[in-house]
Structure formats: structure tokens, C-alpha cells
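Peer 1: The primary structure of each chain is shown beneath.
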Amino acid sequence: MASDDIWILGIAMTKFGKHSDKDIVDLGSQAAIAALADAGVTMADIGILAAGNLMGAGAGFGQQLQKQIGQTGIPVFNVANACATGATALRTAIMAVKAGEARMGLAVGAEKLSGAGLLGGGGTSKKSGNKFEPSGRFGSVLPTDGRIGTDTMPGTFAQVGMEYGHKYGGVSFELFARISEKNHAHSVLNPMAAYQKRFTLDEIMNDMMIAYPNTRPMCSANCDGAAAAVVTSGEVLRTLSKEQQRRAIKVSASVLTSDPYQEACQVLPDVNTLTRNAAIIAYEQAGVSPSDLDLVELHDCFATAELVHYDNLMLCPEGGAVDFFMSGATWRDGSTPVNVSGGLESKGHPIAATGIANIWEVCHHLRNEAGDRQIKDAKVGLAHVIGLGSACGIHILERSGL
Amino acid sequence: MAQQIPHVAYLELGDSPHLVANECTTCGARYFDRRNACAKCFNNDFKKAAISQDGILKSFTIVAFAAPGVPVPFVAGIIDCNGTSVRGNIVDCDPTPEKVSLGMKVRLTTFSLGTDEDGTEAIGFGFAPA
Chain Y
1 MASDDIWILG IAMTKFGKHS DKDIVDLGSQ AAIAALADAG VTMADIGILA
51 AGNLMGAGAG FGQQLQKQIG QTGIPVFNVA NACATGATAL RTAIMAVKAG
101 EARMGLAVGA EKLSGAGLLG GGGTSKKSGN KFEPSGRFGS VLPTDGRIGT
151 DTMPGTFAQV GMEYGHKYGG VSFELFARIS EKNHAHSVLN PMAAYQKRFT
201 LDEIMNDMMI AYPNTRPMCS ANCDGAAAAV VTSGEVLRTL SKEQQRRAIK
251 VSASVLTSDP YQEACQVLPD VNTLTRNAAI IAYEQAGVSP SDLDLVELHD
301 CFATAELVHY DNLMLCPEGG AVDFFMSGAT WRDGSTPVNV SGGLESKGHP
351 IAATGIANIW EVCHHLRNEA GDRQIKDAKV GLAHVIGLGS ACGIHILERS
401 GL
Chain H
403 MAQQIPHVAY LELGDSPHLV ANECTTCGAR YFDRRNACAK CFNNDFKKAA
453 ISQDGILKSF TIVAFAAPGV PVPFVAGIID CNGTSVRGNI VDCDPTPEKV
503 SLGMKVRLTT FSLGTDEDGT EAIGFGFAPA
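Protein chains in written order, with the numbering used here: chain Y, 1 to 402; chain H, 403 to 532.
Keep in mind that the hints are not guaranteed to be accurate.
[Unchecked claim] Some but not every residue of chain Y turned toward chain H, in silico, with C-beta under 7 Å:
#1 N130
#2 S140
#3 I148
#4 E163
#5 H166
#6 Y168
#7 Y195
#8 M209
#9 I210
#10 L268
#11 P269
If you're looking for bench data, these hints aren't it; they were derived computationally from the structure.
Heads up, the beta-carbon is just placed ideally off N, CA and C, and yes, glycines get one too.
When you get a sec, could you build the whole thing from the sequences and use the hints?
Peer 2: Structure, rendered in C-alpha cells:
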């Protein structure tokens, strides 16, 4: 192993779901302590902490966490980057190790979202008086959500999927529902998922409509959870035990991008270009191609989003996402299994935990520790998240081979 | 006659209501909000540009579940107005997948959003099937 390679030494997640007896620090502590144990190290070995929590950003989550797991005086980076918060925390720890500033880094993401309801709507400034006065960058006299399009997440991502249909054809309500059917079917094998219920296509299509074509089971599940990872360098890993070296997972690519200017991005966030850009850099860094991937965990915050990311991650030819999905390629017995964890639609989406939990899922398979849902002989996997606004994190992971 | 005020500053009222963008004088990128500099080319000089009232619906969703106070269902759409993408509701049309389709032709229309205590009327915009 090269000295400057980056390795995941330990990684853990809490079960996703409703944790009414735990606060964010409890959840973060649980994941962090488990990740340290998995790595075979303690807080005394950690040189940097990157801590992600979106809803409480500004409260100093990292320092709160230290009070519960070990107050060693190391630098803390409190990270918030929309739904890419977890991946950004991991990326921060990786950069510190890569720069030689720390021998080991700990990244943690935790969120409590149970019962949060609809996200993204009604965010426009409310008028307080009874006089129309232009305010904000649009000079609006009344809120715009609902009057000039939608700010809700289900509606925004519905438009992302429909736009793909306008560009390439072939999309339908049923197609998107079938993607959701796949992820819910996969979830049955994942005891860490918030929901492990298989739905029929009819059940999905006849459930409560949220924003056409996304019904309720086609939306990510708001829930509580945390995930954490310990990263180190090849140089340090060489000094550790054979067992630690065998279970370590190589981070072959770690990439974070934001959305470059596109003509329509001011009216509909562009989640495509930054994902494609990140994927190009990641495949180049890792020296692997999409056909080498044994499994992919991608950001299916809505069924309509999963479709476009098949294309953005270049798992299929440009414009070919519908045919790719309909071929069965992304089911767990297909050529490129996607979201064998159940994805955000069933496993759940505790925002800041998501971008580390998807890496835990991939690592679990690469270590051959995934039990009933193990993808046989998995050697290479990719984990992807998108935060609206936008941020994209992609990590490519490889088995150690030792 | 009562005063009128546009819902947003980029809606120009009058005999032929239309949208107006801030157009970058260097690269031509168009913005509906106030910008400090161009996100595409970093220039900070803008001029006003009128947007076509006619367009093609290039994406939509039918929102059935929204924030409190937002009437549902409604159709939120992205409209290609002769090369400039615009966000707006599809109005004068049943909010059902049978009546709204990708690629349909639409045209800007305006309507009252109510009056304030001084009797000033807010005028909003949407896009109706053309």
C-alpha cells in the first residue's frame, strides 16, 4: 500500500428509525464509539474530528460530542453542507490526513428528523404587515412558494425526473414507481433500515400523492440516525495489526463538487452537472470504470432522482437510464446493483448521517460482512450523495486484498 | 383607480405584461433576482432583457402536499421561454396528469393576488395552455 493512500479503518452506523429516547449527541456518540472500536483505536489516536449535523448547525455539535466521547483538545470542524453533510465531514477528515496534519481522523454525522414532515416548503419570507412591500432579491410582495412554482423537496426532485423525461423520453409515473418498488424490496434484507416493508407496484402508485409523480413511499423517509468513520493513511496502516489491515477499506477516490453555472439552475437546481463532474474526477482518481463497480449506493432522496443519477454516474449510456433500469441492471441480482440497502426511500435519510451511512453499506459488502444481503465477492463500490443548493460527494471504495 | 404592484420585481405590468431579466452585458446570462455579479463570467454589469411570453413546458410536478396556507393541488412547472428557463405555475388547466404534458405550449398570463390595506392590488403571473 502506498504511504499516501487513504483507508477507512473503522466505520459504524446506528439503526435508522425513530430514537425518541436519544438526542443527537447520544446518536453521534453511539456511532463514533462503535467506529473507534471497529477500527481498534481510541480517541487518543484521533488527530482531527469532523462533525456533521444540519438541523442544529451553529450549535457546535463536534464539541458537544467530544464531551461525551473524549475531550482531547484536537481541532474540530463543524460541518454543514445540506444532504451532503456526512460526505463533507468524511472528506474533511480525509483532507487532513492526506495533508499530513493528522495521523487519523474521525468523521461523524448525526441527525434527528423523525416527524419533521415536509422539507423545503414555505421558506420564503412572510409578510408581517398588511401593506405590499417588495422584499428580498426577487422584490416579492407575497411568498412565492406555491404561487411561482414549488420550493418543496418532493416537488423539486419530481421536476428533476420529469425534466429527464422531456429530454430523453420514456418516463412515466409507473416507471418511477418501479424504481421505488426495487428499493423497498431490497430493504427487506437490511435490519439497519428504518422501514423493511416490501410494497407492490399498485400499493406504491395508490399511496398518498405528495408531488406527482412521487407518492409517499417514493420519498425518502425522515428518521433519526448517525454514522461515523475513522480514516488513516497507508503509512500508518502499515504499522497496525494484520487484522486491521485486512478489514481496512481503501478510499480510491474522495471527491466533493458544487454546482457550476447552467442556464436553468436559477429556476430548478441542477443536480446533474455536479454529479457528472464528481463522477468523472472519481473514476479518474480511482482508475476504475463504471463497469468495474460491484455495487452503488446513490442518493435516491426521491424515486425521480435515482433515475437521473444512473446517467450522471455514467452507469448507462447518456440518455439511456430508462432502458438501463428496465433491463433489471440495478436490482441486487443485476449487473450494477443500486441501493441494496433499501436506499433513502426505505433505509431512511437522517440528513447528516446519510453520507457516511452509504459508505458503511459499501464497506460492509467489501468486507464480506453484509450477511443476508451480501453482494457476492464485491471488490469495488461507489457511494454518492447530493445536497441541494448544491453539493455532491462521491467516494469509490475498494477491498484491501490482504 | 387602485394602484397595482407586481408580485415580484421581474414581472412588468402594463398593456402587455411580461417578465424582465437582468442580463449580463458580457456573456448574456439572465437572472430574475438581484445579482452582485454574474455567476457565469463574474462581470458585474447588467441590462434589462424582456422575456418571451410564449414557452414550452419542459418539466412539471403536481404538488398535492405543501406548506400550510399553500392551496393544493397546483402544477409547478419549468418553462422554456425561447431559450430562457422560467419557473411558474401552470394555470387555467386541471391539475391532473391527463391535462398537463411535457412539451405543451403555454403562454404567460396574469391575475390578481388580492389587495392590501391601502387598496393596492398585487398582480401575479402563471402560464396557461396556449
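Peer 1: So, for every hint listed, does it hold in this structure?
Peer 2: Consistency of the hints with the structure:
no. : hint : verdict
1   : N130 : holds (4 Å)
2   : S140 : holds (5 Å)
3   : I148 : holds (6 Å)
4   : E163 : holds (4 Å)
5   : H166 : holds (4 Å)
6   : Y168 : violated (11 Å)
7   : Y195 : violated (19 Å)
8   : M209 : holds (4 Å)
9   : I210 : holds (5 Å)
10  : L268 : holds (5 Å)
11  : P269 : violated (11 Å)
Hints 6, 7, 11 from the earlier list are contradicted by this structure; the remaining hints agree with it.
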